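**Student:** In case you want the letters, here they are:
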Amino acid sequence: MSVKNTLIYAVLIIFSVINVYPIIWMIINSFKSEKEFAVNQFGLPKTLVIDNYIEAWGTANLGVLFKNSIFICLLATILTVLIGALASYFLARIEFKFKNALYTFFIFGMLIPIHATLVPMFILLKNLGLLNNPITLLFPYIAFHLPITIFILTSFMKAFPKDIEESAIIDGCGIFRIFWSIILPMSRPALATVIILNFIYNWNEFSFALVLLNDPALQTLPLGLASFAGQFTVNYGAQMAGLTMSMIPIIIFYLFLEKEIVNGMTAGAVKG
Amino acid sequence: MQLTGKSKAALIIGLLPAFLIYTVFAIYPIFQSFYYSFMEWDGFSEMEFIGLQNFENLFQDTLFWNSVGNNIFVVIASVFGQIPIALFIALLLNRKIKGLKIFRTIGFLPVVLSTVVISLTWSLIYNTKNGMINEILRAVGLDFLAQNWLGDTKWSMVAVCITVIWQFVGLYLIIFLAALQNIPEEVMEAAKMDGASEWVTTWKITIPMIWDTIIVAIILCISGSLRTFDLIYVMTHGGPSHSTDVMALYMFNETFSNLKYGYGSAISVFIFFFSLILIGIVKKVLGQKFI
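If you read the protein sequences in the order shown, they are chains A and B.
Take the first sequence: its position 199, counted from the start at 1, is 1179 in my numbering, and no numbers get skipped.
Take the second sequence: its position 268, counted from the start at 1, is 754 in my numbering, and no numbers get skipped.
Bear in mind the hints are in silico, worked out from the structure with no lab data behind them.
Since the structure is predicted, the reported quantities are computational estimates derived from the model, not experimental observations.
For every residue, glycine included, the Cβ atom is placed at its ideal position computed from N, Cα and C.
Check each hint, because a few of them may be wrong.
[What the hints assert, rightly or not] Short derived list, chain A residues pointing at chain B, Cβ under 7 Å:
| no. | residue |
| --- | --- |
| 1 | ILE988 |
| 2 | LEU992 |
| 3 | ILE994 |
| 4 | LEU1066 |
| 5 | ALA1067 |
| 6 | PHE1070 |
| 7 | HIS1095 |
| 8 | THR1097 |
| 9 | MET1101 |
| 10 | LEU1118 |
| 11 | PRO1120 |
| 12 | ILE1155 |
| 13 | ILE1228 |
Please build the complete structure, drawing on both the sequences and the hints.
**Tutor:** The following block contains the structure:
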């Protein structure tokens, strides 16, 4: 290997280590007792201490947090993609007045800083009697992820050949039948992208959860972890165990769907 | 497809759910912010219309301007930290290199993790007593460099920004890599035939060819860092003594801790226009159409 190539690999390896070592450091140390962590922070644990995990699971109420996160995440993702796909179909395939204006109106949402809506969102949901309800978060999650969902799906659906609907109409298909049996199946790659993007956004969302949920029984994972770590600042082992457990699902999800996720992020990034 | 009478009803059924939920829960709140920003209100008792008083107070509020300054610091650190590092690594990866996929997978990993998890992990890393950074410094005999990274006003902002950079380099790396891999091979071949050195090719051909992507990345980076909230909320809560306060966090505290709903809304309105104007300026300066 030439000197140049060696240098390139050296830089890439350093970059990778910086990227991944903080996570590995935490996972490794989550298995150490408080005492071992103090004296041997960089080695592998001598024995695997699982107490940290038991304690974190109990004190942080991780079971409830996981359940809440999965519930809200799945429901919000399914609804956003369904509602968004339906809207995208009309915006991409059907001619009507104000179509472009409506499209721009939806896409504008990508420019709204969500923190500028926290106060009115809190008051709105309070007035609707929806604060501290298991489905509270659905509303902001769907509303703020529709723009990117519609953006990606519309661009994808626009690229289909023009005469797709014509033969279906001759066969006597209605407009929704065309959507459901022809357009949706054809959009599978883009649907995968928006499902994954929505899932990751919803799984990680913090600000709305912070403002809209006070009841610990309804908290999502990021919110519950933040308050758990705030209360137990001294027990590092349990903190690291809690963080490790909460990270595992999304890391597995990522490793399995890496290609799709990366494509989705790049597609989403083309227009911010 | 053209609409018939029957399909007009379908159109409404199809678009109404998205239109309603988006308008009520994303657009309407922005206008509500404007409305509340003219009020004095603690969120419970009667609202009182006070005109532009909130904005007048805002412009004289040194703590607010401090948060604007810190926010701009985050923007600058992100743009000058994330974009060059990401571009550099992407250029290294954009050659026939073994292990490309592994480097890419690892590079992007932090982007999918939740900001809360990242903030808590890095808080442990920065910990004074037994955080990783101080342990490393002590291990190599540089004890005197060990700091209370997040607890010292001199270092807190730097520490926070390093975490922000770490979190999002991967996103821009992937965007740049995708753009680089879309450059037609022939262009590179031709440059090689003409005897251009790699250095020249990179500066004169590769970078100009992905310039549009670089601009998009810079805009994304700016608007993303203007929205910084979760990370700082969890890591420092704006402290010590407001040294890491940013606009969204200041707004949050004024509204929900100090119960100044009208004042908080005025800050929201400011954030909204500040973001739009800054993105507009950057697009204009870098030569792209606005929206």
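**Student:** Please list, smallest to largest, the hint numbers that this structure does not respect.
**Tutor:** 3, 10 and 13
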